[in-house]
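Visitor: Given next are the chains, with one letter for each unit.
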Amino acid sequence: MTTTQERPASGPGEGARPGNPAAGDKDRPIGYGRIQRKEDPRFIRGKGRYVDDIVLPGMLHGAILRAPVAHARLVSIDTSEALAHPKVKAVITGKDLEGLNLAWAPTLSADVQAVLVTDKVRFQGQEVAFVVAEDRYAARDALELIDVEYDILPPVIDARKALDADAPVIRDDLAGRTDNRIFDWEIGDADETEAVFAAADVVVAQDMVYPRVHPAPMETCGAVADFDPIDGGLTLYETTQAPHAHRTLYAMVAGIPEHKIRVVSPDIGGGFGNKVGIYPGYVLAVVGSIVTGKPVKWVEDRSENLMSTSFARDYLMRGEIAATKDGKILAVRTNVLADHGAFNATAQPTKNPAGFFSIFTGSYDLQAAYCKVTGVYTNKAPGGVAYACSFRVTEAVYLVERMVDVLARKLEMDPAELRLKNFIRPEQFPYANKTGWEYDSGNYEPAMRLSMKMAGYEELRREQAEKRERGELMGIGVSFFTETVGAGPRKHFDIVGLGMADGAELRVHPTGKAVVRLSVQSQGQGHETTFAQIVAEELGIPPEDIDVVHGDTDQTPFGLGTYGSRSTPVSGGAVALVARKVRDKAKFIAAAMLETRPEDLEWEKGRWFVKGDPGAGKTMAEIALGAHGTVALPDGIDGNLDAEVTYDPPNLTFPFGAYICVVDVDPGTGRVKVRRFIAVDDCGTRINPMIIEGQVHGGLTDGVGMALMEIIEFDEDGNCLGGSFMDYLIPTAMEVPDWETGFTVTPSPHHPIGAKGIGESATVGSPPAIVNAVVDALAPFGITHMDMPCTPARVWEAMQGRPRPPV
Amino acid sequence: MQISMSVNGNEVTRDIEPRVLLVHFIREELGLTGTHWGCDTSNCGTCVVLMDGQPVKSCTVLAAMADGHEIRTVEGLASNGALDPVQQGFMEEHGLQCGFCTPGMMLTARALLDKNPHPDDGEIRQAISGQICRCTGYATIVRSVQWAANHPVGSAATGDAADPSEAEEVTA
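These protein sequence lines map, in sequence, to chains A and B. Letter 394 of the first sequence, counting from 1, is numbered 394 in my numbering, and no numbers are missing. Letter 26 of the second sequence, counting from 1, is numbered 26 in my numbering, and no numbers are missing.
Certain hints may be false.
What the hints assert, rightly or not - For lysine to any residue, the following SDA-like pairs were computed, each having C-alpha atoms within a straight-line distance of at most 20 Å:
{"id": "1", "chain 1": "A", "residue 1": "K410", "chain 2": "A", "residue 2": "K294"}
{"id": "2", "chain 1": "A", "residue 1": "K47", "chain 2": "B", "residue 2": "S79"}
{"id": "3", "chain 1": "A", "residue 1": "K294", "chain 2": "B", "residue 2": "E28"}
{"id": "4", "chain 1": "A", "residue 1": "K47", "chain 2": "B", "residue 2": "Q126"}
{"id": "5", "chain 1": "A", "residue 1": "K47", "chain 2": "B", "residue 2": "E17"}
{"id": "6", "chain 1": "A", "residue 1": "K47", "chain 2": "B", "residue 2": "A78"}
{"id": "7", "chain 1": "A", "residue 1": "K47", "chain 2": "B", "residue 2": "L30"}
{"id": "8", "chain 1": "A", "residue 1": "K673", "chain 2": "B", "residue 2": "Q126"}
{"id": "9", "chain 1": "A", "residue 1": "K87", "chain 2": "B", "residue 2": "E17"}
Keep in mind the hints are simulated off the structure, nothing from the lab. From a predicted model like this one, the values you see are computed outputs, not experimental measurements.
Using the sequences and the hints given, assemble the complete structure.
Guide: Written as structure tokens, this is what we have:
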């Protein structure tokens, strides 16, 4: 079943007070609905606790010397002057790490990455040496005192040239490697797809680039490492989205027993996938603490963040689409060159070297599909899966939604109508696509129709026609996306062998207050609120009486963490199930208290009562006290109201949405102004609509950034041209409109509460809507495609007939 | 060198290196970690504090330049336990997610409302245009500031907010 609702810009939202049934009805304990966030009171007072706020007694400060060139043989390092600095406690080089067997660390994609350079620099900004000093300023000063000699080598910058016969081999550290190819990966049926293409009325093709961008959370990455030489224990405060996975990896890499490692991820100032991987800086902070015997803090600066930590995208794609002449889409085919940088350090499931890119079949019922992805090394920073990409669904949605628009232009069809004509129909779900996914649920047309109604689509097209007559450049862009989030199941998805499942532990204290412990880690998503609401909904305990604990491996159960919009689909399932486990146990205890049989009891939110005798019942608080009291408990029921689960989801979830963007392009300057943006999202069951809306707004802003402003480019020598916020442009309040949001609700059939996740939908879905709008605005110039970012200069060049792909 | 300034109404005097940035002085000398640092180039505004009532990016001000001036940080927004309407507005309208840009945003909003108690949305956007938020997409920040404008200190509507226990309560 699907229900719909819209929220115009600046109007009252869903569940806004008054009118929130959860708020007004005293008989219904609060569960889902708009409530204020439990984490806000500390943040609005400046009392958040981020990694850089942590100060430990005797703490030292680390700083990293980074390579100024992209490709060079390391000839020598002289650290003597730095070591002579009165405030310097240690200088660590790659040679030192070789002695500890820590010079290279495994990546999340079965490659290795240098912690500090030992042989060769492979990207500009790579880590060369680590200084530990008494204060932040002295550590920076000492970097200037290290003398490094490099023998500069020609770099590989353009991925298109990485496989040339004469291309320098970047990874000569890997035995037997003679080229820069990382992998070739294909999926779908090439022959079947070719047959459909050969017989189709219409075939269109388009080369497109999803440029390298960067998540750039406002808080950069950092760590405070505290190694205790007496008991061999390590406490590591880290900016990580996956504290448990990190702890296990540190145990494997550094040889510190896992039970001696405590990873604490305190408040995180935004992550967006940037804080999934293990960076050399974290390892160096640990080494620094071991070497000096003191806690060591390392926090990178903004340039270090942009130049060395996980970038996103960098996919060079060729898309082809085959259709009948009346607009029935038959097949999609794509060939991708994936630039992974100098080390294959993409954070993604082991069996998915291109992430979930194979969802490029989109929201359409196709006869055939095929894709091939070739991953290559270049002399650029490693990474690739980040920036709210849902393991590369971002690239997939951009490809298919751009291609559908290219086809619409070719067929002279309206792009919204073309999409409506080709959607997977509601009765086809669960839908098995041609690349191996089973879409759990969907009902696409109501979402598309709602977005068109909210936009006033017909009226916009009339306005556009009038403006074109006057030479004004107005564009309307449509995109429709299907997300793929919430990995596991663990049999299909793992990261370095760790199955993608998540745990939850719930304790109801004797007075009926509760604490729930999570393996996932908020970076601003409001877990302390929504997970309390899930327990509240299941048990009838108000959310303010439920404490949510996360981000500390000593305090929480094991699980893989927050990325790929996993928290609600996986951990949300775990929390619902652990609450149900407690509820089921409470039934036996209530029966003992009421001196009746469990099967004679009936549940209403917050209370077990005797069927047919509503007056005879026990609330959760009464049952909790009973559990810890003196009531004789039945066999097999121990005296508490606690439970734990690890949730292994049976399938992914498939949120979807319909987005419409209206832009005006200044014909004199090429500047694109996003005038309106209408976003209709379906994330299944909605826990807290205020938080959902916030997630959507943030992702739409990312989309404006990627489509119009953000890019990490390099010059021919491999110099990073996006290494500061002077050059890497992020939307401010001036570049984005007041968002117009609406929603439909199609619950996931397999998820315990029917929720699907919303964290990345808008980042995935919005870039093609914006680019489609820009291309639509530029149609009078005969333009059928332009690559992101659509900056004024690039739009201007396209208008002059000189479109330029990014490098 | 020795410097003195008023920080959130308290006089502080410290001996510092002349090169110390105001943001590091506030965070590390005074231990007021609500002021954040996010870039080196005055672009992000997570370090905004008020100097004599005007928003400044404290990563681009030497502590020595603040000698003799009045500094107000996020820790000084609430008075006598009562939240500033801007703080209340950010909670009411979901003007924050990760909370990292929030102190700077709220201080800029306070300075705006002191100068212009009833700004339109465009004026609010202009005021915060030197600051970056990666989470919210700004619309809820604009709504938060409008909430504060509609509930000024002393108005009946902030009666509830003036009670700190009430303000901390998670309301439905």
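Visitor: Next step is simple, just say for each hint if it's right about the structure.
Guide: Hints and how they fare:
1. Note on A:K410 and A:K294: the hinted pairing is violated, with a Cα-Cα distance of about 66 Å set against a maximum of 20 Å.
2. Among the hinted pairs, A:K47 with B:S79 is consistent with the structure: their alpha-carbon atoms are about 15 Å apart, no more than 20 Å.
3. Straight-line distance between C-alpha atoms of A:K294 and B:E28 comes to about 18 Å, which keeps the hinted pair within the 20 Å bound.
4. For the proposed pair A:K47 and B:Q126, the alpha carbon gap of about 27 Å is over 20 Å, so the pair is violated.
5. Proposed proximity of A:K47 and B:E17 is contradicted: the alpha carbons are some 27 Å apart, above 20 Å.
6. Proximity of A:K47 to B:A78 is assessed by CA-CA distance (about 12 Å); at most 20 Å being required, the pair is judged to hold.
7. Restraint check: the Cα-Cα separation between A:K47 and B:L30 comes to about 14 Å, which is no more than 20 Å; the hinted pair holds.
8. Straight-line distance between C-alpha atoms of A:K673 and B:Q126 comes to about 16 Å, which keeps the hinted pair within the 20 Å bound.
9. The suggested pairing of A:K87 with B:E17 holds, with an alpha-carbon distance near 14 Å, which does not exceed 20 Å.
In the structure shown, a violation is registered for the earlier hints numbered 1, 4, 5, in ascending order.
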